[in-house]
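Participant: Knowing the structure of chain A, use the given hints to seat chain B on it.
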Amino acid sequence: MSEGLFGIHGTALQLRGQRMEVLASNIANAATPGYKARDIDFSAALAARDTGMDTGQAGAAAMRFRIPTMPSLDGNTVEMGTEQTAFAENAVGYATTLEFLRGRIETVTRAIRGE
Amino acid sequence: MSGPQNIFQLAQRAMSAQSVRMNAAASNLANAGSASSTEEGAYRPLRPVFAEELGSASLSGVRVEAVRRADVAPIRQHQPGHPLADENGDIWVSPVDENEEMIEMLEASRQYRNMVEALSTAKQLMLETMRMK
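If you read the protein sequences in the order shown, they are chains A and B.
Residue numbering for the first sequence follows the working numbering, beginning at 1 and increasing consecutively.
Residue numbering for the second sequence follows the working numbering, beginning at 1 and increasing consecutively.
No wet-lab data here; the hints were simulated from the structure.
None of these values were measured; they are calculated from a predicted model.
Think of the CB as a built atom: it goes at the ideal place given N, C-alpha and C, for glycine as much as any other residue.
Not one of these hints is a red herring.
Derived coverage of chain B by chain A (criterion: at least 3 residues anywhere in the stretch with Cβ under 8 Å from a Cβ of chain A; other residues may be distant):
| hint | stretch |
| --- | --- |
| 1 | 46 to 54 |
| 2 | 59 to 68 |
| 3 | 124 to 131 |
Calculated pairs, EDC-like style, for lysine to aspartate or glutamate (alpha carbon to alpha carbon, straight line, at most 20 Å):
| hint | chain 1 | residue 1 | chain 2 | residue 2 |
| --- | --- | --- | --- | --- |
| 4 | A | Lys36 | B | Glu52 |
| 5 | B | Lys123 | A | Glu89 |
| 6 | B | Lys123 | A | Glu99 |
Here chain A stands alone, though its shape is the one from the complex (with noise of 0.2 Å):
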């Protein structure tokens, strides 16, 4: 039902606050040494998310390890530039994702008023 309403924003949100969670985790970790940074790839995550699997399993299975630019000497790979951005380019869509649902719920909202 809520599939067929809110199409692929609904997906597209919780999935949108799965990354924030794991970028958050990568902030927190900037200091320990041997972290290995994560993200995961949105799109390869709603690609995943069709092929039938639950949203908290298509962020798993399009979890990525991050690439360094500079590896540090202590192993850790979290690079406070490209955290911060991945992080509020992830707080974008995620409210880009929630107007388009305000959107369509005030349309529905209108039609069963009937306004």
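Facilitator: Relative to chain A, chain B alone:
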């Protein structure tokens, strides 16, 4: 102890880990140049050791695994007039590198701030989702 269950717990743990780091750096700076009459008694810099902590789903937090003493030798100085001098007239001064501690402090505060920034963005988005009707 289990790992963080949501983004708020993650941020809270990361922020407390960074405060431990900042406190350690502050203790080291406070003890820079403090003297002792024996080599063993001299102050050695404190260093927190961070470790990854797996939480629910895709979260991985950070915790302070241990706070260890840095393995650096105290500096021996010949000061016969010093009240703490041993029979050879030597004292042992703590081997704290002020520049290193300042950088440690700067980095801890930057990373703390980054986490706060990420948390406030996440909170904002969650509130917007809540308000949607």
